[in-house]
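The chain contents come next:
There are 6 protein chains.
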Amino acid sequence: MDVQELHDRGLKLRVDMFGREAVSKRMSALGDFGKPLQHIVNAYAYGDVWSRTVLPPATKSLAMIAMMAAAGHANELRVHLQGALKNGCSADEIQEVLLLVAMYCGIPSANEAHRVAAEVLSEGR
Amino acid sequence: MDVQELHDRGLKLRVDMFGREAVSKRMSALGDFGKPLQHIVNAYAYGDVWSRTVLPPATKSLAMIAMMAAAGHANELRVHLQGALKNGCSADEIQEVLLLVAMYCGIPSANEAHRVAAEVLSEGR
Amino acid sequence: MDVQELHDRGLKLRVDMFGREAVSKRMSALGDFGKPLQHIVNAYAYGDVWSRTVLPPATKSLAMIAMMAAAGHANELRVHLQGALKNGCSADEIQEVLLLVAMYCGIPSANEAHRVAAEVLSEGR
Amino acid sequence: MDVQELHDRGLKLRVDMFGREAVSKRMSALGDFGKPLQHIVNAYAYGDVWSRTVLPPATKSLAMIAMMAAAGHANELRVHLQGALKNGCSADEIQEVLLLVAMYCGIPSANEAHRVAAEVLSEGR
Amino acid sequence: MDVQELHDRGLKLRVDMFGREAVSKRMSALGDFGKPLQHIVNAYAYGDVWSRTVLPPATKSLAMIAMMAAAGHANELRVHLQGALKNGCSADEIQEVLLLVAMYCGIPSANEAHRVAAEVLSEGR
Amino acid sequence: MDVQELHDRGLKLRVDMFGREAVSKRMSALGDFGKPLQHIVNAYAYGDVWSRTVLPPATKSLAMIAMMAAAGHANELRVHLQGALKNGCSADEIQEVLLLVAMYCGIPSANEAHRVAAEVLSEGR
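Protein chains in written order, with the working numbering: chain A, -4 to 120; chain B, -4 to 120; chain C, -4 to 120; chain D, -4 to 120; chain E, -4 to 120; chain F, -4 to 120.
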């Protein structure tokens, strides 16, 4: 497969998951300086890894939420919470992952993640 | 509910997930010094959070794997990989989570987690 | 002991440490979504671990400050700096812990923690 | 060498790298509470480690950027990006380090670092 | 004060805390390559920060244990557990800090730290 | 460019940097389970990011060492220390980066990294 195809497949999946407007905004936010990183995101993260089909998108989203909460990446957590809602995860499912975060990453990581999740959930209504 | 019931419910779930022998070994490994921590694990982690039923155990296991790989907890990752196999996760599903780890936590975290997973998978055969 | 008693004992200790208003605000901030996490905080963190009496509360607060600064949890650090003042820690004692942070977790972690501590100390006057 | 000399040598280097105004502001920002930490920064970080001459300052700056992006220290990353520009690093060189961050620390760390870098680069023009 | 005095004061304190043999072993373990780092440890960490007298050594040791457990530095945790015993901390006091680690850094960090602590405590008997 | 070309270019660069034997060993270590991750390493990390030519390989290696020491990835640090020697970095240059690690990530991270570096340097002789 050509790398350009990988990129385009990834971009399409990313737009399906977050909406065209949000993706356009993120892709242009850092101008030329951000282009090689956006290529990594589109071609390698979405065009390759996210395009795998063994797990349903909702399960991948829950794994992403667990990962981003564990690593303390609040901005990225917000993005993947939005993706989780789009992929069909419920508030209760998200909550259950974040309670595992409380016990296995500690209360402060869970507090931070709950705060972001409560915001995304209220925007999503 | 009494705290003792919470503990017993958690211990039962933990034994179902990892086998009686493995749990006994972990519970006694640190003697009296480890008892209050084992109480936290049994009563609060398994008796409360793991006993919630919104998500299927396999999905929780995949979230745990994502979390432990992100946080670099190799020993705990091993334990929850064993739990994942018990909860019905396949090698392909585990692999797909670990490829998300590669892109979102970096190649070294994914390398480490793959190494542990390959060991657990070969023991599990 | 009943879990409800554990919760109530923890909530009482938490209110003693941070004041009723601050605790009410935190407990209701995330509505129903935050309830299970608040239960973990009240019953397990304060009702169990913080209720242990081997160490004086001031020493536990200094350990908490060390831990939160090491983990980079700025919001939780703020909360536990407020608790430290309530538990009788002085600015000089807090400073001495944060200088250990500088040498053992690095200057950036210490910078961040000093910034939060300077704010909490000036509010506390 | 006297510790005061170490401090003065470090302070001079720090002022050369960030400008007198920026350093004065940082040194006085936290008043007396911040003084012992500022001593560590001036005497030990700049007076000792940064005063070593095996590596050119630009290379040290790129290593600092890698380190701060990996550790998720956004404020300190901003400071050392400013130092990197002063030490002669180009936007392209900074970008290349941050793409290594993408692959070896994950996309979220690289996103965060790109955001800070894009701001510092636009201020620097 | 001369930097050499700072170094000697630090080395003396370090020897008081860990014993001459252990310190000699650590200081020579990495030969010339390790010398500048050993200077940082002796002069800046022990000669400056540890030489402050606001907090009793036992309290500093408990803060160090909290910090090292939070950051996942198992080797350094071992060293500072040995220092804690020398500084008069009891097993119960160490345990109470590690239970805070369980709730605020998560069960895996507490597990790892308990394992190291149980070893150090059994060696110390 | 075809993805296969990207992969082959990356693999060639990787072999130049670490030797054919070491790369073969790493690529086959985890069998089929490790293949998709090895593709990410070859095609995206080496075929894309490492193949950029703005920075000399030695500078990239020093940035990698800083990054891996900051993140506490001891195994990956070892690999990139070997790459650094191959890319022409001296022991003194590596040491200078690791002293920045001591001040900006803390003494324990620097201790760990020095230990690995001393081993790699003695093997390299």
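Derived by calculation from the structure, the hints in this document are not laboratory data.
Note that the structure is predicted; figures quoted are calculated from it, not measured.
Treat the hints with care, as some may be off.
A pair counts as met if it fits within one copy or between any two copies, since identical chains are not told apart.
[Claimed, not checked] As a list, the in silico SDA-like pairs of lysine to any residue whose alpha-carbon atoms are at most 20 Å apart:
| no. | residue 1 | residue 2 |
| --- | --- | --- |
| 1 | LYS30 | ALA113 |
| 2 | LYS30 | SER85 |
| 3 | LYS30 | ARG15 |
| 4 | LYS7 | ARG110 |
| 5 | LYS30 | VAL49 |
| 6 | LYS20 | GLY83 |
| 7 | LYS81 | VAL49 |
| 8 | LYS20 | PRO52 |
| 9 | LYS81 | ARG47 |
| 10 | LYS81 | HIS34 |
| 11 | LYS81 | SER46 |
Open item on the list: At most 20 Å between alpha carbons: which applies to LYS30 and ALA113, within, between, both or neither?
Closed with: Answer is between; shortest inter-copy Cα gap is 12 Å, intra-copy 32 Å.
Task: Intra/inter-copy verdict for LYS30 and ARG15 if alpha-carbon distance must be at most 20 Å - done: Result: close within a single copy only, 17 Å intra versus 33 Å inter.
- [ ] Please work out whether the CA atoms of LYS81 and SER46 approach to 20 Å or closer within one copy, between two copies, in both situations, or in neither?
- [x] The answer is within: 16 Å in one copy meets 20 Å, while 27 Å across copies does not.
TODO: Can you give me the call for LYS7 and ARG110, within, between, both or neither, at a CA distance of at most 20 Å?
DONE: neither (30 Å within a copy, 24 Å between copies)
Open item on the list: If the cut is 20 Å between Cα atoms, do LYS30 and SER85 qualify within a copy, between copies, both or neither?
Closed with: between (33 Å within a copy, 17 Å between copies)
- [ ] Check LYS20 against GLY83 for me: Cα-Cα at most 20 Å, and say if that holds within a copy, between copies, both or neither.
- [x] Neither: 23 Å inside a chain and 31 Å across chains, both beyond 20 Å.
Open item on the list: Within, between, both or neither: how does the pair LYS30, VAL49 come out at a Cα-Cα threshold of 20 Å?
Closed with: between (30 Å within a copy, 16 Å between copies)
Open item on the list: My question is about LYS81 and HIS34: at a cut-off of 20 Å on alpha-carbon distance, are they close within one copy, between copies, both, or neither?
Closed with: For LYS81 and HIS34, neither the intra-copy (23 Å) nor the inter-copy (29 Å) Cα distance is at most 20 Å.
TODO: Using 20 Å as the alpha carbon limit, work out where LYS20 and PRO52 are close: within a copy, between copies, both or neither.
DONE: neither (23 Å within a copy, 34 Å between copies)
Open item on the list: Cα distance capped at 20 Å. Does LYS81 pair with VAL49 within a copy, between copies, both, or neither?
Closed with: Intra 19 Å, inter 19 Å, cutoff 20 Å: intra and inter.
TODO: Give the relationship of LYS81 and ARG47 under a CA distance limit of 20 Å: within one copy only, between copies only, both, or neither.
DONE: Answer is within; shortest intra-copy Cα gap is 18 Å, inter-copy 24 Å.
Consistency note: the structure conflicts with the earlier hints numbered 4, 6, 8, 10.
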